[in-house]
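Engineer: Since each chain comes alone in its own frame, lean on the hints to assemble the complex.
Next come the chains, spelled out residue by residue.
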Amino acid sequence: MHIGLLYSRIRRDEKLLLNELRERGHEVTKIDVRKEQFDLTEPPAAFDGVDIVVDRCLATSRSLYITRFLQSYGIPVVNSHETADICADKAKNSLALADAGVPTPNTKVAFTVESAMEIVEEFGYPCVLKPVVGSWGRLMAKIDSEAAAEAILEHKATLGNYEHKVFYIQEFVEKPGRDIRVLAVDGEPIAAMTRTSDHWLTNAAKGADAEAFELDDRAKELVKQASDAVGGGLLGVDLMETGDDYTVHEVNHTVEFKALNDAVDVDVPAKVVDWLETKVDGEKTLAEVSA
Amino acid sequence: MSDTITAEDPLSGEEIELPADVEVGEIIDSPATGAELEVVSLDPVVLEEAPELEEDWGE
Chain A
1 MHIGLLYSRI RRDEKLLLNE LRERGHEVTK IDVRKEQFDL TEPPAAFDGV DIVVDRCLAT
61 SRSLYITRFL QSYGIPVVNS HETADICADK AKNSLALADA GVPTPNTKVA FTVESAMEIV
121 EEFGYPCVLK PVVGSWGRLM AKIDSEAAAE AILEHKATLG NYEHKVFYIQ EFVEKPGRDI
181 RVLAVDGEPI AAMTRTSDHW LTNAAKGADA EAFELDDRAK ELVKQASDAV GGGLLGVDLM
241 ETGDDYTVHE VNHTVEFKAL NDAVDVDVPA KVVDWLETKV DGEKTLAEVS A
Chain B
1 MSDTITAEDP LSGEEIELPA DVEVGEIIDS PATGAELEVV SLDPVVLEEA PELEEDWGE
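Chains as they are written, first to last, in full-length UniProt numbering: chain A, 1 to 291; chain B, 1 to 59.
Calculated directly from the structure, the hints in this document are not laboratory data. This structure is a prediction, so every number in the text was calculated from the model and none was measured. It is possible that part of the hints are untrue.
Stated by the list, open to error - Label-pair restraints from in silico Cβ distances:
1. B/Glu-49 x A/Gly-207: 20 to 28 Å
2. A/Ala-100 x B/Pro-31: 44 to 52 Å
3. B/Glu-14 x A/Ile-75: 40 to 48 Å
4. A/Asp-216 x B/Thr-6: 49 to 57 Å
5. B/Thr-4 x A/Ala-98: 50 to 58 Å
6. B/Glu-49 x A/Arg-24: 28 to 36 Å
7. B/Val-46 x A/Asp-209: 33 to 41 Å
8. A/Ser-290 x B/Ala-32: 53 to 61 Å
9. B/Pro-44 x A/Ala-157: 47 to 55 Å
10. B/Thr-4 x A/Trp-136: 25 to 33 Å
11. B/Ala-20 x A/Glu-36: 26 to 34 Å
12. B/Val-46 x A/Gln-71: 28 to 36 Å
13. A/Gly-207 x B/Ala-32: 37 to 45 Å
14. B/Ala-20 x A/Thr-158: 48 to 56 Å
By construction, the Cβ of each residue, glycine as well, lies at the ideal position given by its N, Cα and C atoms.
This is chain B alone, in the form it adopts within the complex (with noise of 0.2 Å):
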């Protein structure tokens, strides 16, 4: 089994790769904006932009 999958980043169109066992609302660093995305699905793994940070996010 292959250690990675690849999906299109939302923003750029790139194909980038992702760790195989990636979940549905794990958050990835874009390796070609850096922008955060989420993983929405996962058959196909589909990523969207993730929510900008709000205020009474946190621990």
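Same shape as in the complex, but just chain A (with noise of 0.2 Å):
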């Protein structure tokens, strides 16, 4: 198959699947998202001849627009444009698990700091602020006190860009130090760690110790759930264990996997070339059912 892979950043992650993908000798093409002009509707050469486009942007904003092209070009991505706008924004990510009956942390969202001064006084401290658009733990903010609440809330209105005056708040699930990553393909999980750390942010980007984990049915079932929730795809869907139940609290769809690869034994790279390679040929039957 024909493989083209976005990118703007070669890490680990992208390296670790380019290798896998040449060495069952697919052809892969770089597109390198920063050198691309996006014409309505005809796609950049860059394009010519691919199978299936991987999307690898590091800029969920870039992410966003650039599925969108294609899928109006009718070039398959994954993820897709609907899996990136729904994962991309956590609100959007929070009601899409709601909306599914996915257990998730009770959250809420206000678009002035007296507003999001009631949910907080309402919620209780600790809670937890987050921005909408971010990742890797940046700019998460654990509230213990209205003093902090206050400041907090003033120095996002003032300071933030708009994305920053919608706040995002959500209660503070005590979790027992760890939370749990799943790599998932459409629900199916490849892999899953846990990510422990003294800190209460446990993201492998924050240091925190990966683990491998042995998911239970129930993990299993919510992970297919939360996918289903957002599209399906590549995913991360992450949960948090609350004693006799899990919550997920968020589903990521440019999801890193190189911690993850090292903490399992299982070949994470292999085993997402044999899901994109599952769906090639899925595009190629559908192709040939409506030819």
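Structural biologist: Right under this line is the structure:
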């Protein structure tokens, strides 16, 4: 198959994918999104002949536009624009999970400091304030007191861009010092790991320790539901243990997997490429049937 | 075949060693300055200072 890989940085994740694709003899066109221009009707020449495009853009804004352009050209892309659109925005992400009946932390959104302050008082301390767009644990605040809440909300209202005036506030979940990251393809888990840290943030990007994790049936069920809720694809589903159940706090659409690959016995890039091969076979069959 | 290739660090001017399988677009941590460098071409290998992290970057 011929894969187009959209990128702006080749991280170890992209390199693992590229190596696996090339070892299997697939044709790969790396497409640096910084060099492309997108016409309303004709795809850039870089996309000629690709069977499928894998979006590995680091920038959410680029990812959202380019996936939309590719779908308009009729070029298959993973993940889809619809999935990216939901996963890129924490408010949309939470709504999709709640709509699908997936347990997710109690969350509210407000647009002024005063309304946000009312939510904080209602949730009590600590609670969590997150940017609606953002990753790697950046700009996340655990609010421990009224004084902290007032200061953080004022800073965001004064110093942030317009997205920081969307106040996304979440109840604090007492997790056992770790959360669970599951890499899944269309809801089927490839592998899972725990991310453990003394810090309340347990992102791998924040230096959490990763360890392989065996999913039970309930976790698998929730991963499938969460994946379906955002439209499927290659996703990172984040769960927290709540004692007798789980809560899904978010689904990531341009998921990193290098830490997972190091933590588990599964060959993660091989599984991802297996799935891509299946996707392309599916697209080709679909094209033959409709021809 | 050598396992490493050399290129000039654009910030310090020093010769630095890179793995032989580097890719265009790959990000390298400069051993000389610790800065992130991007591989912008392969033949010859040219490095530039990598773009600054932007707010909407991530997974």
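Engineer: None of the hints should be skipped; say for each whether it holds.
Structural biologist: Going down the list of hints, with the structure as the test:
1. Between B/Glu-49 and A/Gly-207 the C-beta distance comes to about 24 Å, which sits within the given range of 20 to 28 Å.
2. Between A/Ala-100 and B/Pro-31 the C-beta distance comes to about 48 Å, which sits within the given range of 44 to 52 Å.
3. Judged by the Cβ atoms, the range 40 to 48 Å given for B/Glu-14 and A/Ile-75 holds: they are separated by roughly 43 Å.
4. One distance hint, 49 to 57 Å for the beta-carbon pair A/Asp-216 and B/Thr-6, holds here, with the actual separation near 51 Å.
5. Restraint check, B/Thr-4 to A/Ala-98: a C-beta distance of roughly 52 Å satisfies the suggested window 50 to 58 Å.
6. Between B/Glu-49 and A/Arg-24 the beta carbons are some 34 Å apart, a value that agrees with the proposed interval 28 to 36 Å.
7. Checked against the hint of 33 to 41 Å, the C-beta distance between B/Val-46 and A/Asp-209 comes to roughly 37 Å, which is consistent with it.
8. Between A/Ser-290 and B/Ala-32 the CB atoms are about 56 Å apart, so this pair conforms to the stated range of 53 to 61 Å.
9. Taking the beta carbon of each, B/Pro-44 and A/Ala-157 are about 50 Å apart, inside 47 to 55 Å as hinted.
10. The supplied range of 25 to 33 Å is met by B/Thr-4 and A/Trp-136, whose beta-carbon atoms lie about 30 Å from each other.
11. Evaluation of the 26 to 34 Å hint for B/Ala-20 and A/Glu-36 yields a pass: the beta carbon distance comes to about 28 Å.
12. Between B/Val-46 and A/Gln-71 the beta carbon distance is about 35 Å. The supplied range of 28 to 36 Å therefore holds.
13. Between A/Gly-207 and B/Ala-32 the CB atoms are about 24 Å apart, so this pair departs from the stated range of 37 to 45 Å.
14. Remark: the range hint 48 to 56 Å for B/Ala-20 to A/Thr-158 is upheld by a beta-carbon distance near 50 Å.
Hint check: a violation occurs at hint 13 only; the rest are consistent with the structure.
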